[in-house]
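Q: Below, each chain spelled out in residue letters.
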Amino acid sequence: MNKQEIIGHLKAIVQPYIQDQTAFESLTEDTDFINDLKINSANLVDVILDIEEKFDIIIDNQAMEKMINVKAAIEIIEMHLAEK
Amino acid sequence: MIIAIEIDIEYMNKRVVITGLGIVAPNGVGLDAFTNAIKNGISGVKKDAELERLQFSCQISAKPEVSTELALHYFSELELRNFNSSGILYGVIAGMDAWKDAGLSIENNDEPDWDSGTIFGTGTSGIDKFRESIYKIDELQTRKLGSTAVAQTMNSGISAYLGGKLGLGNQVTTNSSACTTGTESILMAYDRIKSGQAKRILAGSTSDSGPYIWAGFDAMRVCTFKHNETPEQGSRPMSATASGFVPGSGAGAMVLEDLETALARGARIYAEVLGGNVNSGGQRGEGSMTAPNPIAVKKCITTAIANAKISADDIDAINGHLTATSKDSLEIQNWSEALNRKGNNFPYINSLKSMVGHCLSAAGSVESVATVLQLHQGFIFPNTNCEDLHPEINSLIDASRIPQQLIETELNIIAKASFGFGDVNGCVIFKKFKD
Numbered sequence: 068m069n070k071q072e073i074i075g076h077l078k079a080i081v082q083p084y085i086q087d088q089t090a091f092e093s094l095t096e097d098t099d100f101i102n103d104l105k106i107n108s109a110n111l112v113d114v115i116l117d118i119e120e121k122f123d124i125i126i127d128n129q130a131m132e133k134m135i136n137v138k139a140a141i142e143i144i145e146m147h148l149a150e151k
Numbered sequence: 021m022i023i024a025i026e027i028d029i030e031y032m033n034k035r036v037v038i039t040g041l042g043i044v045a046p047n048g049v050g051l052d053a054f055t056n057a058i059k060n061g062i063s064g065v066k067k068d069a070e071l072e073r074l075q076f077s078c079q080i081s082a083k084p085e086v087s088t089e090l091a092l093h094y095f096s097e098l099e100l101r102n103f104n105s106s107g108i109l110y111g112v113i114a115g116m117d118a119w120k121d122a123g124l125s126i127e128n129n130d131e132p133d134w135d136s137g138t139i140f141g142t143g144t145s146g147i148d149k150f151r152e153s154i155y156k157i158d159e160l161q162t163r164k165l166g167s168t169a170v171a172q173t174m175n176s177g178i179s180a181y182l183g184g185k186l187g188l189g190n191q192v193t194t195n196s197s198a199c200t201t202g203t204e205s206i207l208m209a210y211d212r213i214k215s216g217q218a219k220r221i222l223a224g225s226t227s228d229s230g231p232y233i234w235a236g237f238d239a240m241r242v243c244t245f246k247h248n249e250t251p252e253q254g255s256r257p258m259s260a261t262a263s264g265f266v267p268g269s270g271a272g273a274m275v276l277e278d279l280e281t282a283l284a285r286g287a288r289i290y291a292e293v294l295g296g297n298v299n300s301g302g303q304r305g306e307g308s309m310t311a312p313n314p315i316a317v318k319k320c321i322t323t324a325i326a327n328a329k330i331s332a333d334d335i336d337a338i339n340g341h342l343t344a345t346s347k348d349s350l351e352i353q354n355w356s357e358a359l360n361r362k363g364n365n366f367p368y369i370n371s372l373k374s375m376v377g378h379c380l381s382a383a384g385s386v387e388s389v390a391t392v393l394q395l396h397q398g399f400i401f402p403n404t405n406c407e408d409l410h411p412e413i414n415s416l417i418d419a420s421r422i423p424q425q426l427i428e429t430e431l432n433i434i435a436k437a438s439f440g441f442g443d444v445n446g447c448v449i450f451k452k453f454k455d
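Sequence lines, in order, name chains V and B. Take any residue in the first sequence, count from 1 to its spot, add 67: that is its number in the working numbering. Take any residue in the second sequence, count from 1 to its spot, add 20: that is its number in the working numbering.
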């Protein structure tokens, strides 16, 4: 799976949680989940559970702490996919 | 000094009125459907396939019907993801409906509405979500519970959901006193407004549906097992053949408001809350965890009357607790002794439970909404399933006081009482509003 495909899946996953439509539409690698997309911080857990389900991976607590933006999420997803 | 005292007296004597109603009942969701149902004796009791599958003794229940489409008027799609709390669903619908019915808007300001709060009771919260969570925990999947397991299962979940949806900045809390919960929430709201601490309180209560909330009662054999094939005849308050209550669920809500505030904004006023009382029999004397101490019940009623500054003879009608168990006769006897009224001189009395079963922690508020509708529109809804009136009840009060047909008549004062496990009692006095 290439980076653009991962971003495509990520967009679909975060869509229900975002509260800033403009930031969502112009989502890039540098987009921050909380500051830009205005996702409620409590919902980040749900985003990560949805990512785990979509990519069939398990994200541990340390990795989870780092997943605050699109770039970090892609890196962690790519790493797990490579291990499979 | 004298001025200060006068201000203090005025401060303690705010009149409290009801300006909005909301209802999610087994026999009607929304005020129009519910009013039509109670006037026509329409039952909300049905055969319950889930209780049958789980081999309950009682296989009938009374649940409100709420479609996903309706729920989406009150919750976002995101909120309904992994949502599994029927009590919060019912409570939010009833609460928001009452708010809108009162002509109040939902603002999205930075500051909350400091003058408005909610006291919205429940017995448990999200018991199905709790069950789902427990299975995950035991399968070592705690990390997969998601972010809303706490909000859905904390007892104050219902007041927290409502507080956020309405932007309430006054007290936001959940009370819990078994089957007295809904009546107690109205009286707690009344006290807070009367003492000037809030201008407006959304009062009400809710109860979850389903086997996990009702099983304990089924195990106690307090639910009827004789009407599994005749559900609509199952809930028989005051009947000689009453054989236990029918488990129910739902939510009732009302906006209680300081009279001056209500008048200033030109709100429709359904009724006035004159006062009331909550107490406990302390599980002493004849009282126990499950049985009411009759001395406390009578004291609750007489204190409510004194608190409302009326006389027992002023009461036109009673909306009883009357669950369809062997305690119905005792309740009638307690009312008769507390009011010192019997035979033909007894007020009209009815029990909503003949149509909606026993909605447990929602009972007091669901039944209070029915009571206030009776005052506002001038009717007494019929008692169903008591064509064979219990002889002990008939020996205390005249059968004409227990109407089995709708009566359209002007009413001035109705007393509503609820009694709950833990030997707790609540009695509230509602009056038709006259300036």
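These are calculated hints, taken from the structure and not from any lab test. Values in this document were obtained by computation on a predicted structure and should not be read as measured data. Among the hints, a few may not be true.
[Said to hold, decoys possible] Calculated cross-link-like contacts (lysine-lysine; reagent style DSBU-like; alpha-carbon spacing at most 35 Å): (1) V/Lys-70 with V/Lys-138; (2) B/Lys-214 with B/Lys-66; (3) B/Lys-451 with V/Lys-78; (4) V/Lys-121 with B/Lys-246; (5) V/Lys-151 with B/Lys-451; (6) B/Lys-452 with B/Lys-347; (7) V/Lys-138 with V/Lys-105; (8) B/Lys-319 with V/Lys-105; (9) V/Lys-138 with B/Lys-452.
[Unchecked claim] Residues from chain V that keep clear of chain B, each with C-beta distances beyond 12 Å, as calculated: (10) Asn-69; (11) Lys-70; (12) Glu-72; (13) Gln-82; (14) Thr-89; (15) Leu-94; (16) Asp-97; (17) Ile-135; (18) Lys-138; (19) Ile-143; (20) Lys-151.
By construction, the Cβ of each residue, glycine as well, lies at the ideal position given by its N, Cα and C atoms.
Q: Now look at each hint and say whether the structure bears it out.
A: Evaluated hints:
no., hint, verdict
1, V/Lys-70 with V/Lys-138, "holds (10 Å)"
2, B/Lys-214 with B/Lys-66, "violated (41 Å)"
3, B/Lys-451 with V/Lys-78, "violated (57 Å)"
4, V/Lys-121 with B/Lys-246, "violated (50 Å)"
5, V/Lys-151 with B/Lys-451, "violated (71 Å)"
6, B/Lys-452 with B/Lys-347, "holds (30 Å)"
7, V/Lys-138 with V/Lys-105, "holds (16 Å)"
8, B/Lys-319 with V/Lys-105, "violated (55 Å)"
9, V/Lys-138 with B/Lys-452, "violated (64 Å)"
10, Asn-69, "holds (28 Å)"
11, Lys-70, "holds (27 Å)"
12, Glu-72, "holds (24 Å)"
13, Gln-82, "violated (10 Å)"
14, Thr-89, "holds (18 Å)"
15, Leu-94, "holds (18 Å)"
16, Asp-97, "holds (25 Å)"
17, Ile-135, "holds (16 Å)"
18, Lys-138, "holds (23 Å)"
19, Ile-143, "holds (16 Å)"
20, Lys-151, "holds (20 Å)"
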